[in-house]
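Residue numbers (UniProt numbering), protein chains in the order written: chain P, 1 to 387; chain U, 1 to 387; chain H, 1 to 387; chain S, 1 to 387.
Because identical chains share one entry, a pair is satisfied inside a single copy or across any pair of copies.
List of simulated lysine-lysine pairs, DSS-like, C-alpha gap at most 25 Å: (1) K204 / K333; (2) K387 / K204; (3) K120 / K59; (4) K333 / K387; (5) K333 / K295; (6) K332 / K387; (7) K273 / K69; (8) K190 / K387; (9) K295 / K344; (10) K344 / K387; (11) K295 / K332; (12) K215 / K174.
FYI, nobody ran anything at the bench for these hints, they're computed from the structure. It should be emphasised that the depicted structure is a prediction, and the values quoted were computed from it without experimental measurement.
Listed below, chain by chain, are the residues.
4 protein chains.
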Amino acid sequence: MLSQQELITLFKETRKDSEDICSYLETEDYVVQPIVDVSPPKWHLGHTTWFFEEFVLKKYAESHKLFDKNTAYVFNSYYESVGDKVIRTNRGNLSRPTVSWIYEFRDYVTNSMLELLNNKDLDEEALGVIEIGCHHEKQHQELLYTDIKYILGNNPLFPKYNEQFKENPIQNFKKDWITLGEGLYEIGHKSDAFCYDNEQGVHKVFLCDFEISNKLVTNGEFLEFMEAGGYQDVLLWHAEAWDWVNEHTIRSPFYWHKIDGEWHTYTLNGLVKLEPEAPVTHVSYYEAFAYAQWKGMRLPTEQEWEASQDQFEWGSRWEWTESAYSPYPNYKKPEGALGEYNGKFMVNQKVLRGGSVATSARHTRHTYRNFFHPQLRWQFTGFRLVK
Amino acid sequence: MLSQQELITLFKETRKDSEDICSYLETEDYVVQPIVDVSPPKWHLGHTTWFFEEFVLKKYAESHKLFDKNTAYVFNSYYESVGDKVIRTNRGNLSRPTVSWIYEFRDYVTNSMLELLNNKDLDEEALGVIEIGCHHEKQHQELLYTDIKYILGNNPLFPKYNEQFKENPIQNFKKDWITLGEGLYEIGHKSDAFCYDNEQGVHKVFLCDFEISNKLVTNGEFLEFMEAGGYQDVLLWHAEAWDWVNEHTIRSPFYWHKIDGEWHTYTLNGLVKLEPEAPVTHVSYYEAFAYAQWKGMRLPTEQEWEASQDQFEWGSRWEWTESAYSPYPNYKKPEGALGEYNGKFMVNQKVLRGGSVATSARHTRHTYRNFFHPQLRWQFTGFRLVK
Amino acid sequence: MLSQQELITLFKETRKDSEDICSYLETEDYVVQPIVDVSPPKWHLGHTTWFFEEFVLKKYAESHKLFDKNTAYVFNSYYESVGDKVIRTNRGNLSRPTVSWIYEFRDYVTNSMLELLNNKDLDEEALGVIEIGCHHEKQHQELLYTDIKYILGNNPLFPKYNEQFKENPIQNFKKDWITLGEGLYEIGHKSDAFCYDNEQGVHKVFLCDFEISNKLVTNGEFLEFMEAGGYQDVLLWHAEAWDWVNEHTIRSPFYWHKIDGEWHTYTLNGLVKLEPEAPVTHVSYYEAFAYAQWKGMRLPTEQEWEASQDQFEWGSRWEWTESAYSPYPNYKKPEGALGEYNGKFMVNQKVLRGGSVATSARHTRHTYRNFFHPQLRWQFTGFRLVK
Amino acid sequence: MLSQQELITLFKETRKDSEDICSYLETEDYVVQPIVDVSPPKWHLGHTTWFFEEFVLKKYAESHKLFDKNTAYVFNSYYESVGDKVIRTNRGNLSRPTVSWIYEFRDYVTNSMLELLNNKDLDEEALGVIEIGCHHEKQHQELLYTDIKYILGNNPLFPKYNEQFKENPIQNFKKDWITLGEGLYEIGHKSDAFCYDNEQGVHKVFLCDFEISNKLVTNGEFLEFMEAGGYQDVLLWHAEAWDWVNEHTIRSPFYWHKIDGEWHTYTLNGLVKLEPEAPVTHVSYYEAFAYAQWKGMRLPTEQEWEASQDQFEWGSRWEWTESAYSPYPNYKKPEGALGEYNGKFMVNQKVLRGGSVATSARHTRHTYRNFFHPQLRWQFTGFRLVK
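Extracted from the complex, chain P is given alone in its bound form (with noise of 0.2 Å):
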């Protein structure tokens, strides 16, 4: 548990953090919203900016007056027992409040959190409740990138974000394959730092016998794939995926544009020839398993992924498990509406691990479980194999 000193530098780092990743971006790049996935990122900064003011300000801070009282529904995302909110599929068709409103509301709530933070001994429930929303923030500032990714990647003139940002890096790794045995596993989060409730409940688990890849697969071991026809054959896809491939005509990860013969690739630098030793990102769940299947080889589950990840280098990509997002056992849902935080998500998900390019620097360990669904590619999405 951070104390209120350690909390005040967390959450001022914090709300730079995703006002620094911004300031690339044009006023219009704010408020697009080009699939339902993705959000507009003024939408992200008032969003990570009301759930201060819903749930630490409003409670802790007695004399706070509301910046407006209009906020809430305009930034609540699915907190369904917090009052309407503006349906997800409708944020991107909203002009105001503008972003320049946005940046004096942040600036209002970050200065009354402060005031709060530096002039009253909080308890300890008022302090986790904003580690939480620090937290909560470094997960959209995740998003921002992905959504700013998508919002210029899927424009015409594929304009560029940052010219010095690094998305691909190369893995020089001797080892191979690591060899794990048979035998039970402790999984779950042990240390009192901060994690979410979706790893809590530390828990044996029996394991087979199984040796995991030391590197992600790469853009150019991808490639052999799809010129192995892998995208055509039908034995190595779920049925779900096999539907999905064929209604959207999928034939390369996302972002992948074959210009004058040449495979190239849209980074938040700008579009680029495809580097072949660059572990292979922007690809779906199905994806990742039907190239484990042409392998002969498999995805990891979570546990195995956890047992084994000390041994291997981990943290360019978000990697795709086989196992299902689901409760640990002895799982607890918070009560109240940060109860809906994750629990209401543990189905038809998929358990990613690891962390990206695009993950905040203190926002991964070894026990965190992120979750999309199985057709999803905006993210920074890899894999690595098991035999």
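Got chain P; can you put chains U, H and S on it based on the hints?
Coordinates of chains U, H and S only, in the frame set by chain P:
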């Protein structure tokens, strides 16, 4: 036909008007597209500019350099024969080009056009296309008003566009009904002033006796229909209208809101109390028809409207007619891309006559044929009755 | 107006005809509904029977006992004002009542009707409703043919309905074009024989000079259009038509199949080779319009068709006209449920004139106005040209 | 492994059972497909027959003549690797082949199979495929019951299938809860009797302490949840479940009807009053989960169910578990078309354990893994709780 000098005046006035309309907007307001029928204001500004570059400068200004090679793709609307285009539903997903880029594009093309108009004697064909380009931009000015109204009126914050904007003129007419006798009437555009292809081909029609109302149906009258259960009486509605009413739970004209028991309506001047003496607006053809059924009357045909229009005042609302949008006898579709302007819409739409508070000063006449799908309501649409 | 005795003959003949049409079916053929526009044959048999029980027996046969209290619910089609109904898309999901139950229901109602007609002097109103009931059933006989054709022609086994059924008459006409001069013509139903409300109200129209083809466009002519790339040339199509062509990959008239390089067409007599001299059929209005554009001609209006029809042969195809389906001047919608018969469809549909190989003997006349949505093709629809 | 003689018995019994189930149907009941999840009974009868002709007779009966070359196309279900198939949604649109044709097809294939089985010594592979074919047909027998129930229960006339059919057994158990201690348990199919690939690969799992209910949740208990507002309390539901509840206005288990203030349920024996002591059925996973949340308990995992099942009675309902359908460790997908049997469904589905009143006598076992999407309700699905 306008002289080249008159055309310069028309062109300059037209270009300025579009920018004046947008001068009340925030940057964010230029970007969004809340429904497919609405286009982002920045798209209108770019598209009307692209029209002059594509159809005039490329052809008649030999040394013209394109402002940017990607503009055609982004700003083509429906000219299928002029290359690819951004599909209509995707317009609101594009944050780039930015608003300031578009204003630079406008300036560049306006200046190039003026240079051409001031320095070269243009032939009739060229002058004709430029005149169409001005009228085309005036059409988009009307759409700018209605699309801006939708963008702001759809926003839960109901921002005002312009406090000075007057939407709801009251009609103080002595006479109620105007009578025309049966006989032959001439329909179609006769002078050699500008008109669209769909107005051409003067021809005779035989009309039976009819009486047409001097006044548009008012808000107060429409409220009586609502209170009499008009929206619930299946026998008043077309079959497709009844499905529409029920699927969308239509219970009042668009932009009407009942607040604390009192009817309000969103206008470009913000939310205001309903004015019972003002003509009703933002009704679909379906609603106009149902109202007429309920009164035991009917809507005029476009021929009846044109034959009688010089006896009544019009211009505050586009008026629904009973007429489907069809070609006049001997209708000739122009050759080439401009042939796509009108003819291809001549199915499943209803003709509107008149003009509205959003219509540009020189942009209506008694032969003008506007047309929309029968369920649409975001235009300033009203109606008058015939018995 | 028919005498009661003539009506008995009409009634008996009509009831028998429906059953004769179905005598070629297997029980399973009575049940399915492959698209929403098609109704299961058993539904047609039940619905036309329900009409007589609901609108005649219930009102005029005092002691009539309903065959079954649930029939109204199952067999009501679109009379919204007469209680609930099975929604149209659900008709093909109902295995009960069975076919044999429906034949019992038919016998019961036919006998009750004959008892009424033979034993009681009915007033004009009653006789009028019975005559409508007969014509209503004749309309459904045409739908029986076209729906049966869809049911069998949609089946990958292409079963034959009846080996004797002749669909494709060849036209051997000397004269090509018929000329009419400009002037006033009278339109509408004049005799006191039966007609629908939408044909009534004789009125004058002024027509310009035109020439109308003596022949319907043939399969061979339409094939030339296809081979000239007609389906790929955007400038020939309405905007909505172009979307339809591309969304459904329309490349030929409905029921055409290219087998081993040769065009075949499914008919009620099974798959046969395309007959180039026979009139083309199963084309939409959109395709008829595009063909006319390609020929530099146009479709007739319904007034032109009616004014010239006595000079050409018709009756092998329903013919698309350019006219939208609208009320005639002074159209009066009947009171009550029967008022739902025609008027409520007068939007977004095109008028067809003529009659087809599926039309019942006494069920067409030169004032008859059929109507369908412009994209529909399962009727026996063809067209002739005007220049 | 069954001997060839035992297999003959199993085969004959299986073929007869399918036909016995259908013996209560009218011809029309064999044809319809009211929702995509339901197949027409005649399709089940044909498909299970096609399986034997495609995978056994074609391969092992050298001189076998196909009954009809089109059967494969019509009766293939999901074996994408075995040629074209009728898309699932189109099954209910096919009136041909007729029911009597299908019975001839069945007789032909049954006789050919018996000739093969009686006159040739088959190798293990062949015997294995035939055994799978029998179990495959038993699976379809269960679907026959549930699909017939949907076909009749969806009909507004609520026809009875069979007056003798008992759906709602009452549970009279002394013990309420069964306790298992933490430790290693073995999961998976051990004997050499028949099982599917997805049950194979015996492996250890570590389970924490848990208590599992001896009884399935009853209608009466579920009614308490309904009356306490369970369907209206967002905090009890998954996010996707909440959307589902609201989009489809779900307010009770499927087949429940409130008539004159009293709850009834449609059963294969017609509409009956709700039996409070019988286990609830036709609930989705979402509803089972929400009920468990409301009770402060949870659903068992499939491992917990398998580890404890020998201590409780089961078999009257398929029971939802918390487990997503995933491969067991070391799962091996069979080669070729039969490899499509199970593996390709291992995403977005939940495992069910147990068996129901519709399950064929020899067609369940404690390792059997059924699976459905979480929102489906037309199977006989219930649940028990864990705390």
